Structure formats: C-alpha cells, structure tokens
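Given only the sequences and the hints, what does the whole structure look like? Please build it.
Single-letter residue listing:
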Amino acid sequence: MLNIDQGALTENKLAGVRSLYDRHAAKLLGYIFDVVKDRKLAEEYLVKIFCEVSNQFDDLGWEGSWCQLQRFAKHQLMIFVDTAKYTGLEDREGLTLQHSREAYFGQLTKEQKHIFSEVYYYGKTIAAISIDLDKTEDSIRKTLKEAFAIMRKSGEN
Amino acid sequence: MKIKEYIESGILEAYVLGSASEAETQELMYLKELHPQIQSALYDLEVDIERMAEYMAIKPPPDIWFKIENDISELVKRPAAEQLSVTSRPRKERGGRKKEYIDVDSKSSHMRVHKIWGWILIAIFILGKVFLGFAIFFYLENRQIKEEISNLKSELKQLKTEIKR
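Chains as they are written, first to last, in my numbering: chain A, 1 to 157; chain B, 1 to 165.
These aren't lab readings, by the way, just hints derived from the structure by calculation.
Values in this document were obtained by computation on a predicted structure and should not be read as measured data.
A hint or two may mislead.
[Stated by the list, open to error] Pairs of lysine-lysine, DSS-like flavour, derived with a Cα cap of 25 Å:
{"id": "1", "chain 1": "B", "residue 1": "K4", "chain 2": "A", "residue 2": "K142"}
{"id": "2", "chain 1": "B", "residue 1": "K157", "chain 2": "B", "residue 2": "K146"}
{"id": "3", "chain 1": "A", "residue 1": "K48", "chain 2": "A", "residue 2": "K13"}
{"id": "4", "chain 1": "B", "residue 1": "K59", "chain 2": "A", "residue 2": "K13"}
{"id": "5", "chain 1": "A", "residue 1": "K40", "chain 2": "B", "residue 2": "K146"}
{"id": "6", "chain 1": "A", "residue 1": "K40", "chain 2": "B", "residue 2": "K67"}
{"id": "7", "chain 1": "B", "residue 1": "K2", "chain 2": "B", "residue 2": "K32"}
{"id": "8", "chain 1": "A", "residue 1": "K145", "chain 2": "B", "residue 2": "K32"}
{"id": "9", "chain 1": "B", "residue 1": "K115", "chain 2": "B", "residue 2": "K129"}
{"id": "10", "chain 1": "A", "residue 1": "K145", "chain 2": "B", "residue 2": "K2"}
{"id": "11", "chain 1": "B", "residue 1": "K59", "chain 2": "A", "residue 2": "K135"}
{"id": "12", "chain 1": "A", "residue 1": "K48", "chain 2": "A", "residue 2": "K37"}
{"id": "13", "chain 1": "A", "residue 1": "K135", "chain 2": "B", "residue 2": "K2"}
{"id": "14", "chain 1": "A", "residue 1": "K13", "chain 2": "A", "residue 2": "K37"}
{"id": "15", "chain 1": "A", "residue 1": "K48", "chain 2": "A", "residue 2": "K113"}
[To be verified] Facing chain A, from chain B, some residues (calculated, C-beta under 10 Å):
{"id": "16", "residue": "K59"}
{"id": "17", "residue": "P61"}
{"id": "18", "residue": "L121"}
Beta carbons: idealized from backbone N, C-alpha and C, even for Gly.
Here it is as structure tokens:
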C-alpha cells in the first residue's frame, strides 16, 4: 500500500516537472546558454536543474511561472558554475549578438547593460552593485528600470 | 506612500529579477495585496521577462527529457534505499558540542558509520598485534626462566646429596 502511494507520488511529481519542462525548457536552455556560452554544458545544466526542481518540488510550492523557475535556475547556476565561466552580456560586447538578442540588448547603454547583466545573469543584489559602482541603490534601481523599459520597447518592435 | 513613485522606483524590476533584498521583498508582498496597481505592474513585468526569454529560447534536443526522467528515477530510488540503511545525524550535546549518534534500523543488514571508525579499527588492530607480540614474548621468557629455575633446583639437590656423602 505504502509502495503504491510512493509510486503515485513519484508519478505526480514527474508529471509536474514534465509540465514545467514543456512550458519552459527552451527558455531555460537559452538562459543557461547565455550564462555559460557552451551548448553542451548548457544542456547538462538544464538536466541538473530539472533534477533539482524535482528534488525540491514539494518544498518550493511551484506556481509554474517562468520567473520563479528562472530565479531558481539562477541560484542553482551560481552553485554549479564557477565564477570564471560565469560571464554575462559584458563579454559579448565584442561579439556579434544573435538577431533576437540584438533586438533586446542592442539599444542599452553600457551602464544599463552592465547592471542588467549583473542582476539577470550574475544574480547580484542591488546593494552589491551599488557598492561596486559607488552609486546609490535608488539610482541602480532606476537604471535597471530604464533598461527594462528600453527592452520592453525593443521587444514590441 | 505614493504608489506611482513606488512602482517607478525600480523595486518591482529588482524583485522580478531576484535581486531585491529580503526587506524589499516582504514590503512588496505586503503592498501587492493592498494595491492592485502594484499587482498588475508586477504581472506585466513577469510577462515582459517571459517574452524576453522566449526570444532567446533554444529548443532542447529531444533526448534531454529522457535524461532528466532517468536521473529523477535514480534520485527517487536512492533516498528510498538510504531510508532502510543506518544514518548518522549530528545532535547537540548539553555543552553545545556536536556529537554524532548512529540510528540503527533493524530491517537493514547494513550500517553507515563515520569515517573515523575506519582509523579507530585500524589502530585497534595494530594495538592488538602489538599486545599479542608482547604476550608471546613474555610467555616464552617466563617458560625459559621456569626451566632455568628447575635446572637450578635439580643442581642444588645434586649438590646437597654430594655434600651429605
């Protein structure tokens, strides 16, 4: 009886993870690829992250949103990836951005790109960035908001 | 608090990207319940972030899901097996010092113990060998002394009988 219940629970969990995978795997792979810049490695991390999702499925109370999964993945990547490999948009400046990425990041100023990259890819807090850049937290948040507004417009176009 | 200013401050963006502090997050969660404008702005931001991620999406190879499924099945099997075995968990002693106890499950024939026990058992084994060596040495020594004493006794007897004659 206990075994059947255990099996049913596992099946439910697997179905939940599968549903998250179907909805967000492509987005997550794109995000991980932007962080590690290596397709094979990105795929390995994708597997690891979904395994970790399954591991913590009952504790996290998944609502299934992309933002929740992205925040979780960012935290996991900070554990998996060593800092040397953890590059963001900064290192891409000299490279030709893919068309879709260019549409979003091409319009940003260097500072906006830096702050967005620190937050989105490195998972840095506003407080940490304000210390690094020697600026107030308010001005960092404002710049982040501007970056967002520009990217929103770029996406709509 | 002016809600428009709060929305314009960039706190919502910081939260959506996961870089808001604990205090900011708590404040936002509280205000979100009170002000539908904040809830709606937050929803819009989440949609934007998702749209951006969709633009940058990379379709995973078809076999990736099977790898995930396999790994999850392995992970599910492993803890089930571990539940049957002996586990040690740290507990605090009265003085605050950590001490490890071993929980034994009678259903399992295996047990997991701390690595230190390996070294302790090796030390016990070596000490056992040393004591055994000493015991054999003293036993032989003792036997030799006893033989010498009996020889001396017999010599003494012989001497006594010779003197009497």
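Inset, instruction - Check each numbered hint against the structure and report the violated ones by number, ascending. - result: 5, 11, 14, 15 and 18
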